[in-house]
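Engineer: Dock chain B against the given chain A, drawing on the hints supplied.
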Amino acid sequence: MKKVLATLLAAALVLSCVGCGKSGSAKSGEKISLDMWCIATESDSNRPAYEKAIADVTAAHPEIEFTWETFENQAYKTKIKAAVAADEMPDIFFTWSCAFLGDFVAANRVYCLDDALAKWKNELPEVMLGNTTYDGKHYGVPTTMNIVGMFANMDILASVGYTEVPGTYDEFIECCDKLVAAGIIPFGCAGKETWCVTEYLEPIIEKSIGADALNDIFLGKATWNNPDVAEAVDKFQAMVTKGYFDPEGIALSNDEVKANFIAGKYAFYMNGTWNCADFANDPDGFGAKVKVSEFPVINSGAAKLGQLIGGPSDTLAVAASSPHAAEAADFAFELGRLICHYGYLDGNGLPAWTPYGDTSGINDLTKAVSDICANADSYVLFGDTAQSADDANTYLSYVEKVYGCEIDGAGFIEGLANDIR
Amino acid sequence: MNKKVINNINIIAFLLPAMILFIGVLIAPILLSGYYSLFDWNGFGAKTFIGFSNYVELFTSDAIGFIKALCNSLLLAGLSVFVQLPFSLGLALVLGRSIRGERGFLSVFFMPVLISTVVIGQLWLKIYNPSYGILNVFLTRIGLESWTRIWLGTKETALGACFVPTLWQYVGYHMLLMYAGVKSVSPDLREAAKIDGATNGQVNRYIVIPCIKPIIKVSVIFAITGSLKSFDLIYVLTNGGPLHATEVPSTLMIDMLFLRNRYGMGSTIAVMLIVLCFAFALLINKLFKEEA
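Each protein sequence line maps, in turn, to chains A and B.
Quick note on numbering: the first sequence equals residues 1 to 421 in the working numbering.
Quick note on numbering: the second sequence equals residues 1001 to 1292 in the working numbering.
Because the hints were derived from the structure by calculation, they are not lab data.
All values reported here derive from a predicted model rather than from experimental measurement.
Accuracy of the hints is not assured; some may be wrong.
Result set (BS3-like, lysine-lysine): computed pairs, CA atoms no more than 27 Å apart in a straight line [what the hints assert, rightly or not]:
| id | chain 1 | residue 1 | chain 2 | residue 2 |
| --- | --- | --- | --- | --- |
| 1 | B | Lys1229 | A | Lys77 |
| 2 | A | Lys79 | B | Lys1229 |
| 3 | A | Lys137 | A | Lys221 |
| 4 | B | Lys1126 | B | Lys1003 |
Listed below are several chain B residues computed to face chain A (Cβ distance under 10 Å; list not exhaustive) [what the hints assert, rightly or not]:
| id | residue |
| --- | --- |
| 5 | Asn1042 |
| 6 | Gly1045 |
| 7 | Thr1048 |
| 8 | Ser1131 |
| 9 | Trp1147 |
| 10 | Ile1150 |
| 11 | Gly1153 |
| 12 | Lys1155 |
| 13 | Ala1158 |
| 14 | Gly1241 |
| 15 | Pro1242 |
| 16 | Leu1243 |
| 17 | His1244 |
| 18 | Phe1258 |
| 19 | Asn1261 |
| 20 | Tyr1263 |
Computed footprint of chain B on chain A; a stretch qualifies when at least three of its residues, placed anywhere within it, have a C-beta under 8 Å from a C-beta of chain B [to be verified]:
| id | region |
| --- | --- |
| 21 | 205 to 216 |
| 22 | 393 to 405 |
Glycine residues also receive a C-beta, built at the ideal position from the N, C-alpha and C atoms.
Bound-form chain A, shown alone (with noise of 0.2 Å):
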C-alpha cells in the first residue's frame, strides 16, 4: 500500500512539475506573453513614441500579450546587467549598441535576430546596423539616432551683435570673449554627470584630429597617446580656465543645467539632439530662440565639418533565453520600426529607419538636425558608448580631471594610454 501511495505521489509530482515548466515555442492559434523593460519612463522624451507604438503593434498581434516595465536610466544599467548576469532577461530588452550590447552577445545572453531581419532590410539602412552586428551577426533593433548639437540662445547671441552662430573656430572664440566680457556664460556643462563633459570634449577632439582618428583610438586600433589629442584637451581646458563654462556646473546634474540654459542663463550648450523636443515644445516659446549646427572646424587639415559625434545607439534586443525568441524578434522589429516613427515625429532624434508617412509636422529644430545629418562625412559613437565598459569609465574618469584642471591634455593621453585595459 506504502508503496503505491508513494509511485502516487511521485507521479502526482512530476506532471505538476510539467505543467509548471515553461512551454516552448507556441503551437498556433495559442496566446503567447512577451514581456519588455525599456528606460522610457513617464518622464522620458520619448514615452509617448513607446506608447503609441506599443498600442499599435499589440493591436496588429491580438495573439500577443504584452507588458512592460520602466526603469530610470541608470538604475536600468545596473538591473540589465544584473538580469543577464542570472540569465533572467526579458524577452525584449532596450540596450545601448557598440560595448555595451557586445558584452552580452559575447556572453551568449542575446538572440540572433539575422533570419527577422531579412523581412525588414528594405526600411532598416545596413549603415545603421552597425553598432549593433558582431562578427557579421545582427543583433539589434536600432531606434532613434542622436548626435551631439551645439545649442545656442539666439538672443543671448544677438545681445553680443551676432545674428547667427559664428561658422569658424576663430569667430567662435572671439564670440565666447564678448559673452565673457558682457558678463554672460558662454556655456552650461554638468560636471556632476561627466558623459554631459564629453559632448564638449568629443566634438573638440574630432573637429582637431578628425573622426577617423578619433574613431580608431575609441575602437582600440590607435592609442591615445596622440599629440593632437593632447592639444585638443588644451584646447577645450583654456575655454575652461578662460571662464566660457559656468563654474556652478561642475555640481550640477545635466537637468539643472538644461534647465538654466533655457532660463537664459547661458548662450550655448552643447548635447545630444534628443533635446529638441523639449527645446521646441517649452511653453514659453524657448524654441523659437534656438538654433542648433555643428561645432566649427579647428584644424581643417585633419578635421572637416559633417564630422559628427553620434550615431544610432538607441536599441531593442531580444533575449536568447526567451521561449518565444522568433516571435520576440519580429515583434521587435515591428515595434522598433513604429518607436522610430513617432520618436521622429515628436522630434526626439533622428530616425534609424527610413522615414514614412507626412513628416511636415517636425519641429524646426530636428529638421535643422537632419539637415546637419544630411551632410554629415561621418559619424564616430559617443566614447562611453564605443569603449567597453571599463575602459569608457576610465576615459570618463580623466575627462573629468581636465574639466577640473586636474591634468593637462599630456596627462590625458599619457593616463589614458597607461590605463586603458
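Structural biologist: Leaving out everything else, chain B in the frame of chain A:
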C-alpha cells in the same frame, strides 16, 4: 539510542533552520565574494582565474584609487568617534538627567535617523546649492560673501560637506543608545555620590560613563564599521565626485561592479570591507577589554 544522543539530535534539528539561514545569507555570500575576487570576470562572460592580482591592483593602482577611498572612510570614522560620539554622549548625559521636555528633545534628535537617507541627501543638496542654497544665502546676508563656495562641486570642500550630514544624521541614533544606558544607571549611585559632594560633572565622569562603557563600546564599533560601509548619503550628494574627492570604498565597489563590469575587482573591494570591519570590531573589543 540513549537520551544524550536524542538531545543532541534535537538540538541540531532546532538549530538547523537558523544555521541554514545564517550560512545562506551571510557566510555563503562572503565565501562567494572571496571566490570571485580571484577572477577577472565581467559578471556574465567567462571567468579567468588570476589569483591575488585583483588585491595587488587594488592597493597599487592609482587609477582605481582604493587607498584614497579608504583614507576618506577612515577620516569619517575618526570624526565619527571623536566628534559625533562625544556630542551624542553629551546629549545623552544632559537628557538622562530628566530635564524638562526630555521626551520632546529625544524625538527631535532622533528624527533624522527615521528619515530616509535619500530624502536627507536631497535636503542637503538644496542647502548646499550654490545659487539658492540656504548656506550661501546665509553667508551672503551676514556679509561673508567671500566664504560662499560651490560646496559639493569643489574638491577642497566636497568631502567635508558630505561628512556634515553623515555625522548629523546618526547623532540621534548614538544618543538614544547611550541615553538608554544613562537611564539604566541606578539613581542610588547618583544620590550616594551627590551626598558625598560630587558635582554633576563628577557624577557623569566617575559613575555614569564607567557604567555605560559597554554601550559606548557598541557605539564605537557601529560608528567605525558604519563609516567604512558609508555609501547612501555620499552616493546621493556627490556620487564620489568631484574628481573622486568623496570616493569611499562602497562607491568604488558600485563603480567596479555595475559601471565597469569588473565583478572580480568589485568582489575584492567587498572582501576588503568585510575584513576591515571585522578587524576593527575585534580591535575595539580588545582595546575596551584592556582598559577594563
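Engineer: Taking the hints in turn, state whether each one holds.
Structural biologist: Hint check results:
Of the pairs offered as hints, the one joining Lys1229 (chain B) and Lys77 (chain A) holds, with about 23 Å between alpha carbons and a cut-off of 27 Å not exceeded. Under the criterion of a C-alpha separation no larger than 27 Å, the hint pairing Lys79 (chain A) with Lys1229 (chain B) is consistent with the structure, at around 22 Å. Restraint check for Lys137 (chain A) and Lys221 (chain A): satisfied, since their Cα atoms lie roughly 21 Å apart, inside the 27 Å limit. With a C-alpha separation of about 68 Å, the suggested pair Lys1126 (chain B) and Lys1003 (chain B) falls outside the 27 Å cut-off, and the hint is violated.
The criterion of a C-beta within 10 Å of any C-beta in chain A is met by Asn1042 (chain B), whose closest approach is roughly 6 Å, and the hint holds. The interface hint given for Gly1045 (chain B) holds, since its Cβ lies 4 Å from the closest Cβ of chain A, which is under the 10 Å cut-off. The criterion of a C-beta within 10 Å of any C-beta in chain A is not met by Thr1048 (chain B), whose closest approach is roughly 13 Å, and the hint is violated. Contact between Ser1131 (chain B) and chain A, as hinted, is supported at the beta carbon level, the nearest pair being about 6 Å apart and thus within 10 Å.
Taken as an interface hint, Trp1147 (chain B) does not check out: its beta carbon lies about 16 Å from the nearest beta carbon of chain A, beyond 10 Å. The interface hint given for Ile1150 (chain B) is met, as the beta carbon of that residue sits about 5 Å from the closest beta carbon of chain A, less than 10 Å. This hint holds: Gly1153 (chain B) has a C-beta 3 Å from the nearest C-beta of chain A, less than the 10 Å allowed. A cut of 10 Å between beta carbons decides the hint on Lys1155 (chain B): the least distance to chain A is about 7 Å, and the hint holds.
Interface hint at Ala1158 (chain B): satisfied, since its Cβ lies 8 Å from the closest Cβ of chain A, which is below the 10 Å cut-off. With 10 Å as the threshold, the beta carbon of Gly1241 (chain B) comes within range of chain A, its nearest partner Cβ sitting at about 7 Å, so the hint holds. With a least beta-carbon distance of about 6 Å to chain A, the hint placing Pro1242 (chain B) at the interface is held under the 10 Å criterion. The beta carbon of Leu1243 (chain B) comes within 5 Å of a beta carbon in chain A, closer than 10 Å, and the hint placing it at the interface holds.
A hinted interface residue such as His1244 (chain B) counts as satisfied when its beta carbon comes closer than 10 Å to some beta carbon of chain A; here the least separation is about 7 Å, so the hint holds. The beta carbon of Phe1258 (chain B) is positioned within 10 Å of a beta carbon in chain A (closest approach about 4 Å), and the interface hint is therefore held. For the restraint placing Asn1261 (chain B) at the interface with chain A, the shortest Cβ-Cβ distance is roughly 4 Å, inside the 10 Å limit, so the hint holds. With 10 Å as the threshold, the beta carbon of Tyr1263 (chain B) comes within range of chain A, its nearest partner Cβ sitting at about 8 Å, so the hint holds.
Counting residues of the region 205 to 216 of chain A whose CB lies closer than 8 Å to any CB of chain B gives 0, which falls below the minimum of 3, so the coverage claim is violated. Restraint check on the region 393 to 405 of chain A versus chain B: 6 residues with Cβ-Cβ distances below 8 Å, three needed, restraint holds.
Hint compliance for this structure: hints 4, 7, 9 and 21 are not met, and every other hint is.
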